[in-house]
Amino acid sequence: MNQWPLKVATICLNSRSLKAFELFFKSYCNGKFSFVESQKESQLCIVDFDHPNSMKQFFDFRDENNSAPVIGLSILNTDHSYENTTMLRKPIKHDDLKKLLSSFGYESLNAIKEKTPDASTAIPKNLNVENGLTELKSATEKITAFIQREDEEHFVGSSRDININKPNEVLQIMYQPDQMFLGALTAVYEISKNRGAVTKLNYLDYDVIIDPKSEKVFTAFSDSLLRPLCLMNSTDKPNFTELGDAFYDSETCDHELPNKKLHSHDTDAFIWKVALWTSRGRLPADTNLQLPVYLSEWPNFSHVEAFPHAMQITALLIKQPMTLHGIASTLGIPQRYAFAFYSATKALSIAGVTRRQADSIFKPKEILPSRYRPLLEKTVKHLLNTPLPSKKALNGN
Amino acid sequence: MNGLNIILIGPSSSGLSDLLSTLCDANQSNTDLPDRAHETDSTTCFQRSLCIDKNNKLNFFCINELENPSIQMDQFSKKILGFILLMDNNASNPIEDLERYYHMIHSHLKTSALVVGVSNLADNRLLKLTDYSRCLRELNNPAAALSFNNHNAQNLSTLVQALLYSVDPGLEC
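Protein chains in written order, with the working numbering: chain L, 1 to 397; chain D, 1 to 173.
Among the hints, a few may not be true.
[Unchecked claim] For lysine-lysine, the following DSS-like pairs were computed, each having C-alpha atoms within a straight-line distance of at most 30 Å:
1) K32/L x K19/L
2) K128/D x K213/L
3) K128/D x K261/L
4) K193/L x K213/L
5) K110/D x K319/L
6) K378/L x K54/D
7) K216/L x K166/L
8) K79/D x K365/L
9) K128/D x K216/L
10) K26/L x K90/L
11) K26/L x K99/L
12) K365/L x K54/D
13) K19/L x K7/L
14) K90/L x K40/L
15) K110/D x K378/L
16) K166/L x K93/L
17) K261/L x K90/L
18) K237/L x K99/L
19) K7/L x K32/L
20) K128/D x K319/L
21) K79/D x K381/L
22) K200/L x K79/D
23) K54/D x K381/L
24) K261/L x K98/L
25) K79/D x K237/L
26) K193/L x K98/L
27) K128/D x K378/L
28) K319/L x K79/D
29) K193/L x K166/L
30) K200/L x K213/L
31) K56/L x K19/L
32) K110/D x K193/L
No wet-lab data here; the hints were simulated from the structure.
Sequences are here, hints too, so could you generate the full structure?
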């Protein structure tokens with residue numbers, strides 16, 4: 001019989017993953033697992049095998065602790081057959097993890113629920129229900145705010161502002177799109193557009209089908225897999241095949257993506273999202289921070305997922321080229337929002353670094369606040385905070 | 001109650017009345033209810049108002065240019081915040097329509113903003129949003145051109161937000 005809470009060590013899990021596991025243990029396991037620093041004393045270990053240092057650290061752990069079971073996580077390689085180690089494919093399904101943890105002897109959430117008294121008799125007589133509801137509402141709002149923050153962080157990261165005159169700080173916020181899914185996607189999209197042909201991109205064994213005519217992208221995997229895929233590096237050249245219009249024959253479609261449900265995306269929204277998930281508030285490596293950047297047209301905000309300040313940055317940058325740090329300081333926002341915005345719009349080929357001397361010589365014109373600013377701010381807040389049903393939903397059709 | 005005006009112009013106002021009602025109703029926050037669906041003058045098809053607070057409201061005036069070919073913009077108060085042009089990509093020559101509307105409101109654009117909503121983009125693959133943006137750039141106005149589905153109130157809300165940020169990119173929210 002295990003002593004609760006079970007001590008869990010981790011290898012190569014970053015702080016965000018740790019938080020996610022912590023939340024999972026609290027929500028689904030009744031707090032019966034807790035993290036410990038000491039690997040020697042741990043009774044369970046979770047390893048992210050996709051991390052470059054994971055194997056070395058895993059063997060170091062085994063030298064110290066040979067008895068604790070290990071849960072290995074990986075997005076691609078789940079074929080490890082190490083003793084006392086169970087592999088789970090990322091993204092992890094809650095049910096799979098629950099089942100696995102149940103094998104360590106704790107009562108599953110379902111069992112705990114079964115023991116919960118009937119709701120009508122469970123409320124103590126002296127409990128103030130109204131206060132309880134208020135607390136519940138407040139907790140729900142907190143969770144919603146937490147989820148919004150999480151989503152926002154996936155798009156813009158959490159980096160602090162940098163000093164653009166310090167090369168080491170600049171290097172820290174650069175990424176290499178050519179070595180990531182984003183680079184492969186934009187390169188193959190260009191090829192497919194120029195040839196006017198449906199094209200299949202294969203990246204790390206995942207297929208993406210690009211149709212330039214309907215401006216759609218088809219994938220056989222969901223966003224929960226796409227997001228980590230965006231962060232993986234690969235030096236392989238993009239592998240693509242021209243499918244032509246035959247793709248729309250059901251037989252060809254089945255052959256290319258057999259037995260899989262296709263997810264359809266608007267191309268601009270797909271590239272925008274992939275660029276944001278890749279960037280996480282960083283910049284493509286060839287970006288010269290000293291030069292102004294231009295924006296040739298508005299991103300289609302009716303399609304793409306907006307993130308905080310995206311429309312503000314657009315409205316400012318469309319008027320005149322500006323440096324990215326200039327945008328951030330003019331709007332009084334962290335630089336990562338401007339960097340993420342630039343990454344996404346550059347991937348859509350509607351932004352770039354300006355090479356014209358005239359754009360660098362003159363300081364950008366000052367943006368004067370509207371005399372209606374307080375009223376306009378109230379209006380924007382109204383619009384942002386009110387969920388709007390579509391006409392279809394209103395009619396109940 | 002003080003009011004700022006946004007004018008929506010398009011060849012067809014089909015569905016727009018319901019959509020604006022949704023936008024305005026959804027945003028009523030226990031303040032005064034607005035005047036609803038009344039004729040304000042000979043060229044306005046209908047008007048909806050969005051109460052921002054007890055003292056302020058945002059008025060939407062919708063004009064169907066086909067029914068009112070000689071629109072006189074001067075009849076609106078001077079507080080025109082901006083224009084939303086609603087283009088149908090399936091029309092016979094939507095870029096020409098855009099240019100015509102643009103010249104119709106040109107004199108007001110020194111003091112107000114412009115946003116273009118384009119519907120039925122999927123029905124006419126020859127013209128894309130980028131073509132509307134290019135046309136606007138050639139007219140020396142880098143206004144937003146966004147897709148618009150007249151069954152989607154969120155799209156209309158996005159157009160209004162784009163208009164407000166075009167007026168003042170420094171809005172905090």
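### Message
Could you work out which of the previously given hints the structure breaks and list their numbers from low to high?
### Response
7, 12, 16, 18, 22, 25, 26, 27, 29 and 32
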